[in-house]
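Chain by chain, the residues run as shown.
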Amino acid sequence: MRKILNVAWKDLVTTFRDPTALIVMLAAPYALTLVMAFAFGGLSGGGGGLSGIPVFVVNYDKGEFGGFLQQTFQSPELGDLLDVTVTADEAAARAAVDADKAAAVVIIPADLTESIVPSGLASGDPSALANRPQSVVEVYSNPDRPVSSSIVRSIVDQFLSRVSAGAVGGQVAVAQLMANGLLTPQEALSKGLEIGERAARQAAESRLIAVQGETAEKQSQAGFDWLTYMAPSMAILFLMFTVSNGGKTLLAERDWGTLPRLLTTPTTTFQVLGGKVCGIYLTGLAQMGILLVASRLMLGVKIGPLSAVVPVTLALVAAATGWALVLAAYARTAGQANQMGTILSLAFGGLAGNFFPRQALPQWIRTVSLITPNAWGLDAFGKLTAGGALGDVLVPIAGLLVLAVALFLAASVLFRRQYA
Amino acid sequence: MTAIVQVRNLSKRYMPENVLAVDDVSFEIQQGEIFSLLGPNGAGKTTTISVLSCLLAPTAGDAFVAGHSVVREPVGGKGGIGGVPQEIALYNVLSARENLVFWGRMYGMGGQQLARRVDQLLEQVGLADRAKSRVGTFSGGMKRRLNIAVGLLHKPQIVYMDEPTVGIDPQSRRNILDMVKALNREGMTVLYTTHYMEEAHELSHRVGIMDHGKLIALGTQKELTQQVGEYETLRLHLGEDQDPAPLAEALRAVPGIVQVSATDHEIVLIVPEAEDALPPAITKANELGVKVRSVDIQEPTLETVFLHLTGRALRD
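Protein chains in written order, with our numbering: chain A, 1 to 420; chain B, 1 to 316.
Hints are supplied without guarantee of correctness; some may be wrong.
[Claimed, not checked] As a list, the in silico SDA-like pairs of lysine to any residue whose alpha-carbon atoms are at most 20 Å apart:
hint, chain 1, residue 1, chain 2, residue 2
1, A, K3, B, Q112
2, A, K3, B, G110
3, A, K3, B, G79
4, A, K3, B, G111
5, A, K3, B, A115
6, A, K3, B, R117
7, B, K155, A, P266
8, B, K132, A, V13
9, A, K3, B, R97
10, A, K383, A, V293
11, A, K3, B, P74
12, B, K132, A, T14
13, B, K291, B, R235
Don't read these hints as lab results, they were simulated from the structure.
This structure is a prediction, so every number in the text was calculated from the model and none was measured.
Next up, chain A with everything else stripped away, as it sits in the complex:
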């Protein structure tokens, strides 16, 4: 057993020291998850993707518009997405961002309301409009949380643009009233202030409705959370690339001369092959573990309870390893194994639904795809991300284990022919 683990550990170390392998194993699936989720679902389609983004709001504005912006962040509609803390301690809030404990701080300046509705207008001073301050709402962002902080910025941008539109709308309304003789120039100042303020206030207040409307619209359009789907999907797709590469190394070791040398040591063929199999399995397991943890921590994807995720992952990697062994036993050269591995991984990805929702595939394809670990894995993770527990994924786990046993048996027959 020590020799099997020695070979397995060597394979794990050599794989994780290969920069190209690291890109394929870790960087590529993570990047593709983001790209595909962004392209098809704007990162979060149904609230199941990013959630609980920690945000601080520092409101220096005593007027009503600062309050409107603060209320926008505290609205129930954004309750799942944001975890808002209103504070007066700006330094502490900035420190929380620096310490990666928050995604952003929204700093509402004291003159926000004044910049929208100058107080001088109410006392009849027309120059107050021209002399109103240029106010800046600052969003202090965490560069390590680019997606989360960009969401916070977009909320602020949308609020301010609506308020500005409301104010401009007031000015247009006053101009039209004057042109139609319904308003005298003497009345314009006070009426204009009243209309502009009302329009801006309505715009600010309607911010909540706007957010609610957009969220509801997206859900009805897609009804599908791309980020939550893509994170495990890309991990499974690239797991197949990784295990195929592991299978290839069995043939590559023959070319390097290390396999014959291993067989000149007091080690049986079974131990050498066992070590290679364990190496492929451990590498796949490490890759899946890293990707799933990264999806949870960096993208906020809720994969499911650990008690179910662990057995699904163990079974999934076992089935994937089975395919890698069949490939290694069938191919004659490392180059051939490499090509076959790439084709197999992409074909399995297309067949099982790694690139688009599996539910959208015709029934016959979904049935055929059950020969792939991808299909069972997607089914299992689909159930877990939808709130399922271990009991809900027993069938996919059983499917993966049956697949693994069948593939290991097939591989052992093929290996016996090669290494007998």
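With chain A held as given, fit chain B onto it using these hints.
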């Protein structure tokens, strides 16, 4: 002396090509000696070593390494063997130390014993200061030395070295030959294969000469050269634009010339007395208009033996 390796009527036929790579070979290697298998490429040396390493099953016959049959108990015999393959068989992304530790564990070693042995071997092969460097950054000579160190890790009873100097610079080659001699002085038995006559000559206590899968001669260097009696080797170096074939053909008809072999720009004659054979050889060259640039006369060597036995030079 005790025979540590006994080879009995060993044959190996590759299928489906149906190539008989080793044909009824028998020999013994005594404990503490350097035994060389000398022969041109394709002679069957590597196949023989592969069978003795339990990598290939023989088609017929058997071999015993430290008393273990390579056919019936292959794993039992492997512990006494240290293999140094012809191709460098190391992991490039692992460091020199990591490679040695990995291979040591495959030989069943571990703990402090392995750590000490790794340090000792790194010193011995001159790589102690590069212990933590990845093997992929090493020169060919450094890799060769580490390749040998792996085969010595578990202090085997016999080490097989399959053409360990192929493709390296003269200085690294010198280092390896000195290392082999030093190992042997410490009591290590060595099975060494080469197609370089000079290496076999320098290292070996006994030599087996292989050609076309057969062991065509076996013995000490003195015993082998005695097989060609008192013959000498006469080399005629021709100009680069000269064709040696017509002259070689003509010389075969000259009385007293035992063997004639022609390479690119050289004709090698085996003769009882070089001084007697030289005048008629030069005369024939003049008759055919072939320019002879220089002449060498050598005492009998392993190459003379090979030439005598096969009619071909080792480099053919």
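The hints, checked one at a time:
1. A threshold of 20 Å between alpha carbons decides the hint, and for K3 (chain A) with Q112 (chain B) the separation of about 17 Å falls inside it, so the pair holds.
2. With a CA separation close to 11 Å, the supplied pair K3 (chain A) and G110 (chain B) stays within the 20 Å bound.
3. For the given pair, K3 (chain A) sits about 14 Å from G79 (chain B) by alpha-carbon distance, which is consistent with the 20 Å threshold.
4. For a cut-off of 20 Å, the pair hint linking K3 (chain A) to G111 (chain B) stands: about 14 Å separates their Cα positions.
5. With a C-alpha separation of about 17 Å, the suggested pair K3 (chain A) and A115 (chain B) falls inside the 20 Å cut-off, and the hint holds.
6. Between K3 (chain A) and R117 (chain B) the alpha-carbon distance is near 19 Å, which keeps this suggested pair within the 20 Å criterion.
7. For the hint linking K155 (chain B) to P266 (chain A), the alpha-carbon distance of about 14 Å falls within 20 Å, and the restraint holds.
8. For the proposed pair K132 (chain B) and V13 (chain A), the alpha carbon gap of about 15 Å is at most 20 Å, so the pair holds.
9. Restraint check for K3 (chain A) and R97 (chain B): satisfied, since their Cα atoms lie roughly 18 Å apart, inside the 20 Å limit.
10. Of the supplied pair hints, the one linking K383 (chain A) and V293 (chain A) holds, its CA atoms being roughly 18 Å apart against a limit of 20 Å.
11. Of the supplied pair hints, the one linking K3 (chain A) and P74 (chain B) holds, its CA atoms being roughly 18 Å apart against a limit of 20 Å.
12. A hinted pair counts as satisfied when its Cα atoms are at most 20 Å apart, and K132 (chain B) with T14 (chain A) qualifies at roughly 15 Å.
13. Between the alpha carbons of K291 (chain B) and R235 (chain B) the distance comes to roughly 14 Å, so the proposed pair stays at or under 20 Å and holds.
In the structure shown, no violation is registered for any of the earlier numbered hints.
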